[in-house]
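K.L.:
These are the residues of each chain, in order.
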Amino acid sequence: MRLIFMIAVLAAGLLYTFYAFNTLNFLSASGRLGPGFFPQILGLGIVSMTLISVITEARRMRATTNYFAAPADAFPGSALLIICMSVLYLIGLRLFGAIPGSIVFLLAMFWMISRGKPILNTVIAVMAPVLIYLLFRQLLSASMPEGLIPLPF
Amino acid sequence: MEIFSDLMMGMSVALHPANLLYLLVGAFVGMTIGVIPGFGPAAGIALLLPVTFGMDPVGAVMMLSAIYYGAMYGGSITAILINTPGDAGSVASTLDGFPLAQQGRAGPALVMQAVASFTGGTVGVILITLLAPLFSQVARNFGPPEYFLLAIMGMLTLIVMIGGNWRLGVISALIGFALGTVGVDLESGRSRYTFGSAELIGGINFIPVAIGLFGLGELFFAFYSGSHKKRDGEMLTYDGKSNFWPNARDFIETRFTLVRGSIIGFVVGVIPGAGAAIAALIAYSVERSVSPRPENFGKGEMAGLVAPEAANNAASSGAMIPLLTLGIPGSASTAILLAAFLMWGLRPGPLLMEQNPEFAWGLIASMYLGNMALLLISIFAIPVFVLILKVPYRILAPLVVVVCTLGTFSVNSSYMEMYIMLGAGVIGFFMRLYGFSPAAVVLALVLGPLAEESLRQTLTISRGSFGIFITRPASLSIIVVTIALLVLLPLIQLYGQRVRKPKAS
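As given, the protein sequences belong to chains G and R, one line each in that order.
Counting with the numbering used here, you get residues 1 to 153 for the letters of the first sequence.
Counting with the numbering used here, you get residues 1 to 505 for the letters of the second sequence.
Possibly wrong hints are sitting among the right ones.
Derived DSS-like pairs (lysine-lysine); straight-line CA-CA distance at most 30 Å [claimed, not checked]:
1) 390/R <-> 299/R
2) 229/R <-> 117/G
3) 230/R <-> 390/R
4) 230/R <-> 299/R
5) 117/G <-> 299/R
6) 230/R <-> 117/G
Treat the hints as calculated values from the structure; they're not laboratory data.
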């Protein structure tokens, strides 16, 4: 799996470098170092270092059986779950705003990973977003996501 | 005498009731964050940064600094009680801290840890008081070539200290530098990598990246490791009933250990990039080699806990020297502190102590008070932290996601920054999983614009010649020191690994 991540980094590095060479000038019109000077050096560095790492990792993959299998004591499904739930949470915040979005997210998360105490879970899921909202919005005058769908609270 | 009067002036600033309150809150919150496994000072400062927006700048920076060194105290509690270091600086504390707890001496271990942290922290602040003005004097002669070399020195030492696969460390640093190039180029006015987005014109904001990498990234990794599957209070070795206070022998036997650990920690902490983890490991190694009972190390020797604890806290103080006098952060945590300073319009550097004496000396004075407060909190609030440790991760984790997300939004009311935070979280998770360094990304993101600007200025001054780096005595000195560090630090690391091996076996 590390190989896939490295290939993704390499692809991003290639795009970064392509942009640096294609769009940004190494020297400015006055002959000074231009906006492309640093990005071009960085881009070449990222691509060359990542390419070496990809080749090394590909060799390691060939020498390893079950390269793509996760370690026995790891929980890749759980990591995927929390990442997907976080993505949905951001969408929920955009649609419903800070308090309703957070309550729904917490209830869903507790329902999935901590089912033992439903009443306590519900109290925490409701109280925590309200307290955080009060802290940021009322006490610190910071803004909170309002949500696109108008709700009465 | 001038230092003493400056310190007294700083003390009057720090003792202002509002500042004192922020300091105490910061110390307690920092300790609480440090207690949560996987959350170190970097995540703590990044998460709490938005909370300080309504405050006075001096009070806000005092609070954030208290979170920084408070988290160092808190990280050791988990190292002792559940054999899980709160951050890299506390790894060495597990070697003898956890065996002490297993022997029923969790109470004395926690108290001695607090005393050692206090001693390390206070010795560190005394040395800051004495040395910071001298560093400022020296740094006044520095120009763009020296600032570029210092930024590179910080990055290189950090990469060397990552150990394992240094190439992945270099790639991480280059990614951070690359992220730092997004936005308008200040010299030419040309947009770079903004792709028409108005929100990216000012560059990628540092806070969502830091919160994503250190907050969400660590949390996703904890899920991958199965932290949410553990039962409530699993592995907890403190029952609160055994003898709580250390005996006289504990204090007598470790009195010189405290001093040695503090001095070693401070010296290592001053080196940009070296950090608390290596300081603690060196102090542990030295202590084992001078101990009359080296065979007891790793089995519950009090000196084996006291040395790394004094060192990691002294190192966190030492790291403030390059930050305050040069404006160069040496770690991810101090990089976030630097971002906080800049956000408040305070530019650390050689002129800080002259132009903003109330702030600079107020901050230093607050560190004396903060360490005293942390000593008391560490000892008397241990039951509270044990309670926090008992909160199951499966309850805590979703709450952390909510705080990270809403905290990020509150900075600039930007949905884009929320998405950047989540993206940084996912990338941070994979970086952590596959041996990359999120700390190098953050440090390079902060140092990147400084490095680019100073390199361009340097090459403009020298008309394109790199010879300027060896013709200026200050630049040449920095190059020599950097080469010496690049040779010495891996050797020290090798020695540290040899020390840890018997324990692992």
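K.L.:
Within 30 Å, alpha carbon to alpha carbon, are residue 230/R and residue 117/G?
P.N.:
Satisfied, since the Cα-Cα distance of roughly 16 Å is no more than 30 Å.
K.L.:
Take a quick look at whether residue 390/R and residue 299/R sit within 30 Å of each other, Cα to Cα.
P.N.:
holds, 26 Å
K.L.:
Assess, step by step, whether the Cα of residue 229/R is no farther than 30 Å from the Cα of residue 117/G, and give holds or violated.
P.N.:
Holds, at roughly 15 Å.
K.L.:
Given the hinted pair residue 230/R and residue 299/R, is their Cα-Cα distance within 30 Å?
P.N.:
Holds, at roughly 26 Å.
K.L.:
Taken at face value, is the distance from the CA of residue 299/R to the CA of residue 117/G at most 30 Å?
P.N.:
violated, 40 Å
K.L.:
Mind checking the alpha carbons of residue 230/R and residue 390/R for me, to see if they're no more than 30 Å apart?
P.N.:
holds, 11 Å
Comparing the model with each numbered hint stated earlier shows that hint 5 is the single one that does not hold.
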